[in-house]
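Participant: Sequence:
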Amino acid sequence: MTRNGGHDHEDGFDPYYHPSSTDDTDEEYGEEGSADPDASAERTFAALPPVTGRGFAQSWWGRSWIKALEDTALDSQQLKKGRRHAREGAVGAVSVRPGRITAVVRDRDGTRHRVDVLIPELDDGDWNRFLDMAVDRAGHIAALLDREMPPHLVEDAATAGVDLLPGMGDLEPECGCESWDLCPHAAALCYTVARLLDQDPFVLLLMRGRGERRLLDELQERSAARAAVSAADPGGPQSSGGAVAGVPAAEAFAARDILPPLPAPPAVPGEPGPPPCLDAETDPVPGAGPDALEFLAADAAARAHQLLVEALAPGHGNRPAEPVPAFDEDAVRLAAGVPGPVISGRLAAVTGRSRAGLDLAVRAWRTGGPVALRVLDDAWSPDAEALVRAAAALEGAWEAASARPKLRSAAPGRWTVVGADVQLRYGPDGRWWPYRKERSQWVPAGPADSDPEAALAGAGGETG
Numbered sequence: 012m013t014r015n016g017g018h019d020h021e022d023g024f025d026p027y028y029h030p031s032s033t034d035d036t037d038e039e040y041g042e043e044g045s046a047d048p049d050a051s052a053e054r055t056f057a058a059l060p061p062v063t064g065r066g067f068a069q070s071w072w073g074r075s076w077i078k079a080l081e082d083t084a085l086d087s088q089q090l091k092k093g094r095r096h097a098r099e100g101a102v103g104a105v106s107v108r109p110g111r112i113t114a115v116v117r118d119r120d121g122t123r124h125r126v127d128v129l130i131p132e133l134d135d136g137d138w139n140r141f142l143d144m145a146v147d148r149a150g151h152i153a154a155l156l157d158r159e160m161p162p163h164l165v166e167d168a169a170t171a172g173v174d175l176l177p178g179m180g181d182l183e184p185e186c187g188c189e190s191w192d193l194c195p196h197a198a199a200l201c202y203t204v205a206r207l208l209d210q211d212p213f214v215l216l217l218m219r220g221r222g223e224r225r226l227l228d229e230l231q232e233r234s235a236a237r238a239a240v241s242a243a244d245p246g247g248p249q250s251s252g253g254a255v256a257g258v259p260a261a262e263a264f265a266a267r268d269i270l271p272p273l274p275a276p277p278a279v280p281g282e283p284g285p286p287p288c289l290d291a292e293t294d295p296v297p298g299a300g301p302d303a304l305e306f307l308a309a310d311a312a313a314r315a316h317q318l319l320v321e322a323l324a325p326g327h328g329n330r331p332a333e334p335v336p337a338f339d340e341d342a343v344r345l346a347a348g349v350p351g352p353v354i355s356g357r358l359a360a361v362t363g364r365s366r367a368g369l370d371l372a373v374r375a376w377r378t379g380g381p382v383a384l385r386v387l388d389d390a391w392s393p394d395a396e397a398l399v400r401a402a403a404a405l406e407g408a409w410e411a412a413s414a415r416p417k418l419r420s421a422a423p424g425r426w427t428v429v430g431a432d433v434q435l436r437y438g439p440d441g442r443w444w445p446y447r448k449e450r451s452q453w454v455p456a457g458p459a460d461s462d463p464e465a466a467l468a469g470a471g472g473e474t475g
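Going by the numbering used here, the first residue of the sequence shown is number 12, and it counts up by one from there.
A portion of the hints provided could be inaccurate.
Taking lysine-lysine and the DSS-like style, the derived pairs with C-alpha atoms no more than 27 Å apart in a straight line are [to be verified]:
{"#": "1", "residue 1": "K448", "residue 2": "K417"}
{"#": "2", "residue 1": "K91", "residue 2": "K78"}
{"#": "3", "residue 1": "K92", "residue 2": "K78"}
Simulated DEER-style distance windows between Cβ atoms [what the hints assert, rightly or not]:
{"#": "4", "residue 1": "E406", "residue 2": "P301", "range": "50 to 60 Å"}
{"#": "5", "residue 1": "V454", "residue 2": "E282", "range": "27 to 37 Å"}
{"#": "6", "residue 1": "W71", "residue 2": "V361", "range": "44 to 54 Å"}
{"#": "7", "residue 1": "F338", "residue 2": "P423", "range": "19 to 29 Å"}
{"#": "8", "residue 1": "E282", "residue 2": "R140", "range": "50 to 60 Å"}
{"#": "9", "residue 1": "A367", "residue 2": "A308", "range": "50 to 60 Å"}
{"#": "10", "residue 1": "Q210", "residue 2": "E81", "range": "17 to 27 Å"}
These are calculated hints, taken from the structure and not from any lab test. Glycine is no exception: its CB is placed at the ideal position from the N, C-alpha and C atoms.
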């Protein structure tokens, strides 16, 4: 540990220096735009707002940074004051470069102090071992690009003789306040840097001597060189029996950000391909009719085509995944695809429905898919809160009280129009589903509507 205030005015030290966010930095990485890979990289982060109700670090590597800070300090009161400064947002813009972090910290009385914290840089041998390790394990690269630092990355680096995270005594503060040991201003800077590390572990690697761009360039070069060696020597140690062994699919996918981009996907066909024709002279296996198999193949092709169109549509990655349909739901969906009587009979049998029951389920499906099927089958019962909302919606649906039909509750979430064979059902989606009685059975009478009056009118129940 050295005394703080290692800089002085004669060396050009300005106690009011403030790292500027308008420095000539690279737009994408925040590093100096230099063709020289050994040029000093630097990133400047705008001052962070005050923090309340949470710790400074949420990630394990951020907490490891704080542990190194707290192990370095000899005076817990200085740390306490530093935490208060950091929480109050007293730390200005933070400049990060190899071996050093810098900021201006403001006291409560407005006095400002330039603070530097020195961190040991890794030497070229360390970086070579780290890069070789990362190229061997493409999952590490993917984690870093996702702004994560999994424990096994640090463990593998340590096995290679490279300590990424600082340890006790590795943080050496220098502050213009000239306090002895770790002062509150240096502690405030380190607590603030923990928040930056949470967001981007490349900040730690920059402190250790390598910026993000240089690291990715070197990883790409090593990956390309290794691929060239493998191609030139297909019988080498990475192959077996003279054939190229390849890599696991997970590792190949993880290396997506350091490899050349894939070619553009082919154009989507305008429609699904025709199903195969299974009409052959050989008798089919009992229980596997050709007509059923042809229907399933056509359905699979149609669904695959739909999924492909959706996957290539803009914004598809931001949409939630569709839930996997239940067995009964999927059987009803298939029956709604207008199969013949033989297939309908088989689908009815596997769902435990009668032919008439399956026809009714198909009718519901065509009005609203899985939700409409749940409403038909009584697979959803509204709770007390939902019933209160539904009753309030019914009460205010008609502007004139005289126009409101007389309704009686037939079951939880169901209201029947008195004197008419029409019913409203409140669904799990918060919409109203119209039903009509046909031959003593309630059947779906149309699509749902968020307005009970409109739903009732669609079912022919606009009069009471």
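Participant: It remains to establish, for every hint, whether it holds in the given structure.
Facilitator: Verification of the hints:
In summary, the hint linking K448 to K417 is supported, as the alpha carbons are separated by about 17 Å, within the 27 Å threshold. Pair hint K91 plus K78 holds up; C-alpha atoms about 14 Å apart against a cutoff of 27 Å. For the hint pairing K92 with K78, the CA-to-CA distance comes to about 17 Å; that is within 27 Å, so the pair holds. Between E406 and P301 the CB atoms are about 57 Å apart, so this pair conforms to the stated range of 50 to 60 Å.
Distance hint check for V454 and E282: the Cβ-Cβ separation is about 33 Å, which falls inside the suggested range of 27 to 37 Å. Between W71 and V361 the Cβ separation comes to about 50 Å, which falls inside the hinted range of 44 to 54 Å. Under the hint 19 to 29 Å, the C-beta atoms of F338 and P423, about 26 Å apart, fit the expected range. Take E282 and R140: their Cβ atoms lie about 55 Å apart, and the range 50 to 60 Å holds.
Separation of A367 from A308 is about 28 Å and departs from the stated range, judged on CB atoms against 50 to 60 Å. In this structure, Q210 and E81 meet the distance hint of 17 to 27 Å, their C-beta atoms being roughly 21 Å apart.
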